[in-house]
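> Chains as they are written, first to last, in the working numbering: chain A, 122 to 549; chain B, 38 to 211.
In case anyone wonders, no lab produced these hints; they're calculated from the structure.
There is no bait here: all hints are sound.
Here are some, though not all, of the chain A residues that point toward chain B, as calculated from beta-carbon distances under 7 Å:
| hint | residue |
| --- | --- |
| 1 | 193 |
| 2 | 194 |
| 3 | 259 |
| 4 | 307 |
| 5 | 311 |
| 6 | 514 |
What you are looking at is a predicted structure, and each value in this text was computed from that prediction instead of being measured.
Cβ atoms here follow ideal geometry from the backbone N, Cα and C, with glycine treated the same way.
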Amino acid sequence: MGKTLVEKIFDAHRVEQPYPDTHVLKLDRVFCHEITTPIAITDLMARGKDRVFDPSKIKAVIDHVTPAKDSKTAEQGKILRDWARRHEIKDFFDIGRNGVCHAIFPEKGFVRPGYTIIMGDSHTCTHGAFGAFAAGVGTTDLEVGILKGVCAFKSPKSIKFNLKGKLQPGVYAKDLILFIIKELTVNGATNMAIEYTGPVVDRMSMESRMTLCNMAVEAGGTVGICYPDMTTVEYLWNYIKDDFSSKEEALKDYSKWISDKDAIYEKVYEYDISKLEPMVTFGYKPDQVKSVKEMSGIKLDQIYIGSCTNGRIEDLRIAAAILKGKMISDNVRAIVSPATPAIYTMALKEGLIEIFQSAGFCVTNPTCGACLGMSNGVLASGEACASTTNRNFNGRMGKGGVVHLMSPATAAASAINGTIVNSQLYKG
Amino acid sequence: MKNFNGKVLFLDRSDINTDEIIPAKYLTEITKEALKPYLLEDLSLKGFDNKEDIKDKVVLVTRENFGCGSSREHAPWALEVNGINVVIAESFARIFRQNMFNCGMMAIELPKEQIDNLFNNYSGSITNIEVDIDKAKIYVTSSEKSEVIDFDLGGFDKVLVQEGGWVNYADNRY
Chain A
122 MGKTLVEKIF
132 DAHRVEQPYP
142 DTHVLKLDRV
152 FCHEITTPIA
162 ITDLMARGKD
172 RVFDPSKIKA
182 VIDHVTPAKD
192 SKTAEQGKIL
202 RDWARRHEIK
212 DFFDIGRNGV
222 CHAIFPEKGF
232 VRPGYTIIMG
242 DSHTCTHGAF
252 GAFAAGVGTT
262 DLEVGILKGV
272 CAFKSPKSIK
282 FNLKGKLQPG
292 VYAKDLILFI
302 IKELTVNGAT
312 NMAIEYTGPV
322 VDRMSMESRM
332 TLCNMAVEAG
342 GTVGICYPDM
352 TTVEYLWNYI
362 KDDFSSKEEA
372 LKDYSKWISD
382 KDAIYEKVYE
392 YDISKLEPMV
402 TFGYKPDQVK
412 SVKEMSGIKL
422 DQIYIGSCTN
432 GRIEDLRIAA
442 AILKGKMISD
452 NVRAIVSPAT
462 PAIYTMALKE
472 GLIEIFQSAG
482 FCVTNPTCGA
492 CLGMSNGVLA
502 SGEACASTTN
512 RNFNGRMGKG
522 GVVHLMSPAT
532 AAASAINGTI
542 VNSQLYKG
Chain B
38 MKNFNGKVLF
48 LDRSDINTDE
58 IIPAKYLTEI
68 TKEALKPYLL
78 EDLSLKGFDN
88 KEDIKDKVVL
98 VTRENFGCGS
108 SREHAPWALE
118 VNGINVVIAE
128 SFARIFRQNM
138 FNCGMMAIEL
148 PKEQIDNLFN
158 NYSGSITNIE
168 VDIDKAKIYV
178 TSSEKSEVID
188 FDLGGFDKVL
198 VQEGGWVNYA
208 DNRY
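Isolated chain B (complex conformation) (with noise of 0.2 Å):
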């Protein structure tokens, strides 16, 4: 399995695109390596700099409708090649859900008023979230505060978790 463990990057905005993660220039590219420079470039979000707000980080927490738009894998990819590997938010758009557990990765749904709460109480400080998948509990931690959450995970989304992706999942199956 990946690693769910690691700094928490804030983005505080609804309908997060996947032009705006990885725009179309880039999807030239034919290995996921490279496009590790070009994460979020696109991003239209007042104060964020995606040289210096990425690095080190692990967790996304954001809005709704994270990754509308196109259908593009090189998304997630884009996240994975810097390291992060768990989204959590509001609300995911459906082929970039499936595209995070495809590779292995988390799109984690909480509901409104806790997204709300990791922003009041968290996304000024530096923050750590450890994901659980096997007892479905999110751990936040930064200097001042600490708490648990719980979370749904599908018995298919955890099972392509565990087994690193669809491709594995799949082949081993059909």
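Next comes chain A alone, as it looks inside the complex (with noise of 0.2 Å):
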């Protein structure tokens, strides 16, 4: 019988099996951020256990607010500053090089295919679209984790789609999941991982991938993954170029991280998506979704293009791309918030910023923000919102606010028009 990729992956890892539905993993990266961290470190040091299992493969960073906006969120950026100055965490990220965790860290080289990774934040299933295990996981996990370096799963199950045929101009990897999360709905993939593979995702570029896996948590799942191949071993060249003679070398290696043909799934779902159209959220839970074209007219009074969703150089390219020339709409105003320091720069570089700027778009720092009505965008009661994060809770960026989650080409046509509008209006 064969295995699927995350089957593999559970047993190169595996410390033991307590129970016949319980994997404890040993892990290969930890990763923190400063809102959900900070208890995990000071729960250990009221126990007497103030230690790290090993400093090199924890990563952390400030991401959620920053800069701090209060005495409260100082203190939180302070107790994971210091704790990784006390530990000797090298690759800790604060203002000025950090940037939204599921960005950075890819960005950085610290995903390889076939690690097994947790993060104290949710769309830690982003990291999958290297070929990875990376589940998001509570304070406690992260605690155990960091203190051990092991983490306990359910025994893995997984669900695939096969994803054939060609995306249209004006549909993305964004429109793809929230057309497979409302296929799947919010519940339908809990305690799976969900596959994605065929020639649509084969020639997706790496940013899309992440965009695609970053989703996987709205439908319930685990952890979205991707097979390792070219793109992937061209995306962490620079990282892995010591360890492999060539990049056919490094291909090689990671073809193991692969689900055998005769594996088992628990559902394959076989999409050709070509007639697949942009789509956007209605409502509060992320499978509620419309073609943009039944949603066509929806007033809007901010735009939001960011997060670890869509805010990476493909998303700040294919917006700018709309926005060239162009003025937003009076009527609404509109927020870019590029997910890193280097997206920054290369955004900066390519003249993208100016683009943003000129078209009446605020520019902010690296940051998650207003994603989830922290800091940096909060709306007011009775707003609407065009975002290209992943949730549109109730309340989600501001009590009483509506978003509705789009592509950020969606979004930058929106901006443009002042409703919700198709993309392909404005094609260059």
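Join the two chains, each given in its own frame, into one complex according to the hints.
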């Protein structure tokens, strides 16, 4: 009987199986940010166990509220910063060098095929784009991860999406994942890994694959996962070139992290996505999805482009191409948050920042900020936001506000129009 | 072990997410106790009053996919500091469910018919639930009715509740 990619990763990392449905895995990476880590740190201190299992495997960033907005967020940053210094965690990214965790950690080459990764953040599933098992966890799992380098998971089950055809112009990975969540519903993939395969995924950049994997959790999935291929190797090459004699050699090695042909799935979905249209959410659940056509004309107050879902350079390029030489509607305000300093610098060099500013966008520093209504763009009651983020929960971006999730292209076009609109209207 | 015996809070809705259980703006708190006043502040459920309805409750009974969304353990902590140590639902989001057991609390799944039965027969009256982890039984009583329901608890879940959570368990073992 064949094995899925996730089963292979579990086999390679299993410390023990204390119960039939419980697998304790050795961790390759423990990622930390300033919202969910401080309570783990203070609890370890209170227990007299202020230790870390391996400082080289722990990576930390201040990203949710940065710069600190008040004394409480300053204190959270301080706890994380002091802890990183105390334990000589070399890869700690403080303000000036910080970015959204699920953008900066892959960018720094910390994610590799076959790795096991946890973080106290539900969108940790993003890193599955590299063929890793990466799962969001709570603070207690994080605490044990920091102390012992292990985490327990149930037996892995997988579902597979075989995506055929070709995405039409103006249709992106974000539209595809919104469509998939609509099909699965918000708990359709609970306790399961979602494998994305097929020619559509093969052609995707790492950025697009990360968008696809990022929202696996919105369908309840433990991780979204893609098979490593030459695109993965190219993305990582700067960080792995000393480990392999050639890219082909790296690809050959990584190819062990692909599911067997006779692997067992809970369900296999086959879609030809050639006719997929741009998608957008309505309501307060990420599976409440309609085509942009059906939602066209909905009035907006704010546009937000950024986050671990769609704040990468590819997203900024797509949005800027639509905004070039145009102004946002007088009826809206617009914010763009490049997800990392490297993305910001690239956007600056490529002239994208100038396009955003000329169009009337506020360009913020890299941060999670507005996505979860903690800072940098909170909505007032009754306001609507066109957002490239991942959650449209009631009150998510501010009490009484409504969030419409969409692609950067649709968000940019909607900023110009002041209402939800298909980006093809503003095609170059 | 924590207290698993007391009054029931019924929340008749599916997909209650962790942003509703504890909004992100309170994640700047660095003690669990500070979360106490904000439990379920953003819950969208007609007639629910988060100041009055939570008082003195120990068990929460709800529908499908409870605790979806953010991984924030602040959600079980906000329940815990309000004395609610058990959630009984049709199903849970993975991270929330694990967080509950990791804290030595319980997230018990029951089939839809049994959840329907609890809502139909008890949600209108003051109801008490006692969970016996060794016998794997739930004792439900109101002034008019009472019944005993069997439930399943995995070996790992049970040991986490008995040992007071995952940190204690892992620290002794790894």
